[in-house]
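Asker: To convert a position in the first sequence, counted from 1, into the numbering used here, add 1441.
Simulated from the structure, these hints should not be mistaken for laboratory data.
These numbers were taken from a predicted model, which means no experiment stands behind them.
C-beta: ideal position from N, C-alpha, C; glycine also.
Please note: incorrect hints may appear among the correct ones.
What the hints assert, rightly or not - DSSO-like cross-link-like pairs, simulated, lysine-lysine; straight-line CA separation at most 27 angstroms:
hint: 1; residue 1: K1960; residue 2: K1896
hint: 2; residue 1: K1518; residue 2: K1773
hint: 3; residue 1: K1840; residue 2: K1826
hint: 4; residue 1: K1840; residue 2: K1877
hint: 5; residue 1: K1773; residue 2: K1733
Said to hold, decoys possible - Quick list of simulated restraints, FRET-style, between CB atoms:
hint: 6; residue 1: Q1891; residue 2: G1844; range: 24 to 32 angstroms
hint: 7; residue 1: N1724; residue 2: S1832; range: 25 to 33 angstroms
hint: 8; residue 1: Q1642; residue 2: P1570; range: 38 to 46 angstroms
hint: 9; residue 1: W1661; residue 2: S1772; range: 52 to 60 angstroms
hint: 10; residue 1: N1560; residue 2: G1768; range: 44 to 52 angstroms
hint: 11; residue 1: R1972; residue 2: G2105; range: 52 to 60 angstroms
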Amino acid sequence: MSKRTLLVTSALPYANGPIHLGHLVEYLQTDIWVRFQKQRGHVCYYVCADDTHGTPIMLRAISEGISPEALIAKVGKEHLADFTEFGIVFDNYHSTHSPENQALSRLIYERLRDGGHINSRSITQAYDPVKEMFLSDRFIKGECPKCGAADQYGDSCEACGATYSPTDLKNAVSVLSGEKPITKDSVHYFFNLANFSDMLQDWTTAGHLQPEVSNKLKEWLEQGLKEWDISRDAPYFGFEIPDAPGKYFYVWLDAPIGYMASFKNLCDKQGLDFDAFWAKDSNAELYHFIGKDIIYFHALFWPAMLKGANFRTPSAIFAHGFLTVNGEKMSKSRGTFIKARTYLEHLNPEYLRYYFAAKLSAGVDDIDLNFDDFSQRVNADLVGKVVNIASRCSSFIHKRFEGQLSDVCSEPELFQQFVDANQTIAEFYESREFGKAMREIMALADKANQYIDEKKPWLMAKVEGQERELQQVCSMGINLFRLLMAYLKPVIPVLATEAEKFLAIESQPWPVTATPLIKHAINPFEALMTRVEADKIQAIVDASKENLQATAPTVKAKQFEPIAPTIEFDDFAKIDLRIAKIIKAEHVEGAEKLLQLTVDIGDETRNILAGIKSAYAPEALEGKLTLVIANLAPRKMRFGLSEGMVLAAGPGGKDIWVLSPDEGATAGMRVK
RNA sequence: GGCGAUAUAGCUCAGUUGGUUAGAGCACGGGAUUCAUAACCCCGGGGUCGGUGGUUCAAAUCCACCUAUCGCCA
């Protein structure tokens, strides 16, 4: 087995929200693959970073009242903590908002520009005149021009599926301010992807991609490649384009460069040769694990950018499917939108690592997390089958032989059979057929249990003179267990490490040339893993439902007029609000909208003319408690003097609602 | 709307270039066992392979259409 050099990445999580179980499919898949490579003795670096740029980050920082830098620092820390507790070990975890990324983004941009791959021209876009920023399609809502459905985004209608441009929307408003967007021109920069059509035609069919991905891309390539808008106008959180003040790199331009930047950062820390991995003639292998939703960026833009900037292209891109829970899309209301943190608060992360491994393949199919299947699978496979082998053998070894394994291997052929399986299992791991690898390993576990069952050590224990055989059978079981743990180590590293402690052995390499432990003392057995408790799963679902209420959507179409400018408490204190009792209410001769109210505000009564005739009959008001502004300057109206104002809400007409206090308040009390 | 993927036992999934009675794990039923975290071992029931039509000596597999689910449309 020759030594390979690999650089592996997972897609960068966006710094706009927490890690959830859907994200984890990818990071666990990558981590398992990387651990496997390392266990095999290859040189393998696994780098990742937080994806930190773009309008959503900027807006969220504003809504939280902190700087974007503070926001991404906070979220980045949370992300890394979640990953770490799931056993995902990066060789480096960086940020796209880093000097390395800025320098590399700039370098790549300049090389593309100098190579004639960047164009610029003015385009017309929707613009929010209040927030003073351009609006992408997702920030405009209105009625679908085709079917009239309300509350649809600027690019397509969720109700009828029509696609259109934001200018087609009826009654369009900015999601940010509620204002009607205007259109405005601005110069944008474009990456001319079509220059790379031939190169991509070859690259996408040269074995770098899964066949289904390759087919998908063929479709896009046949339609002809369009230029890619890589710039955004200020205000934007990102990197300013070097030769274009006020213009920023679109987040998707610098995000994949973040892979390089994170690795550059690692190189600087560890003295590695960056060019050995990224130069055009690099011999290192470069792999990107991604979700199938971002294939376009990774299989077209990214290789083209690298090519155009004179860097090497990826060895392969591995796309995976999405996670469904109980057969359905993850849903906040069903409690199946589960954050990594919520899971960690209740269940052992290795359960999920094993479960995902058992279901993952090299394809792009979605995988389903079925809670019943999850606990059955984990309990049956890991606890019932694998750990059980150690459990059932170690008791004899300790009770009868002081922890000493026998001095011979009684079944060398069986042991060798387990060692020989390493090749098949390794092939499955290598090709990301983790489900098949797990099945293979569990078949070995079954074999081990069958062996013990056949030998019946518990009968030997009762027969005098069979001590030696008893020790041999149990030692054999322990040795088989050891190999199983070596094979499972990429998936369940914590359990594997615990098992190594129990076995009193060094960290296990991939068992290509393993020999049985002979005359070896092991440590007392302690439960290595406990069963999944069903109530914990329910607790996760419940907690996920609660999260929903805690995290109300932050960006929502504004239905109401914008909040007025902030005032100080002193401003508020100037307003003297009083509880008032309506003593008398009557129509005003000749007035269309007004009612005349006589109200008791404690020590005095007032005459108030209120514009609420359209919504209230006078007799319905008499005796009612309400709120009035008592120190409003009296106002002379056509029908008389109004000595205050009754508080009411609503758009008008029949929809006016007079405010009233809770029971117990009495006329004259001041509101404060 | 266009395009793609998927649809196999109660559940989660295998089924290589079309080729005997369609497989596994879990669940279920029966038996055996008691060393082991009620684990393990043996046996068994259960599927008109989403639907309809076609090609073929032969279709889960190839083709067409339909239905459902998921995704993509830069």
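Asker: Hint by hint, say whether it matches the structure.
Answerer: Hint-by-hint comparison with the structure:
1. Under the criterion of a C-alpha separation no larger than 27 angstroms, the hint pairing K1960 with K1896 is consistent with the structure, at around 21 angstroms.
2. Between K1518 and K1773 the CA atoms are separated by roughly 24 angstroms; this keeps the pair inside 27 angstroms, and the hint holds.
3. Restraint check for K1840 and K1826: satisfied, since their Cα atoms lie roughly 22 angstroms apart, inside the 27 angstroms limit.
4. Pair hint K1840 plus K1877 does not hold up; C-alpha atoms about 37 angstroms apart against a cutoff of 27 angstroms.
5. For the hint pairing K1773 with K1733, the CA-to-CA distance comes to about 22 angstroms; that is within 27 angstroms, so the pair holds.
6. At roughly 25 angstroms, the beta carbons of Q1891 and G1844 sit within the given window of 24 to 32 angstroms.
7. Evaluation of the 25 to 33 angstroms hint for N1724 and S1832 yields a failure: the beta carbon distance comes to about 47 angstroms.
8. A C-beta distance of roughly 45 angstroms is found between Q1642 and P1570, which places it inside the suggested range of 38 to 46 angstroms.
9. At roughly 30 angstroms, the beta carbons of W1661 and S1772 sit outside the given window of 52 to 60 angstroms.
10. Hint check: N1560 to G1768, Cβ distance near 47 angstroms, so the stated range 44 to 52 angstroms holds.
11. A C-beta distance of roughly 55 angstroms is found between R1972 and G2105, which places it inside the suggested range of 52 to 60 angstroms.
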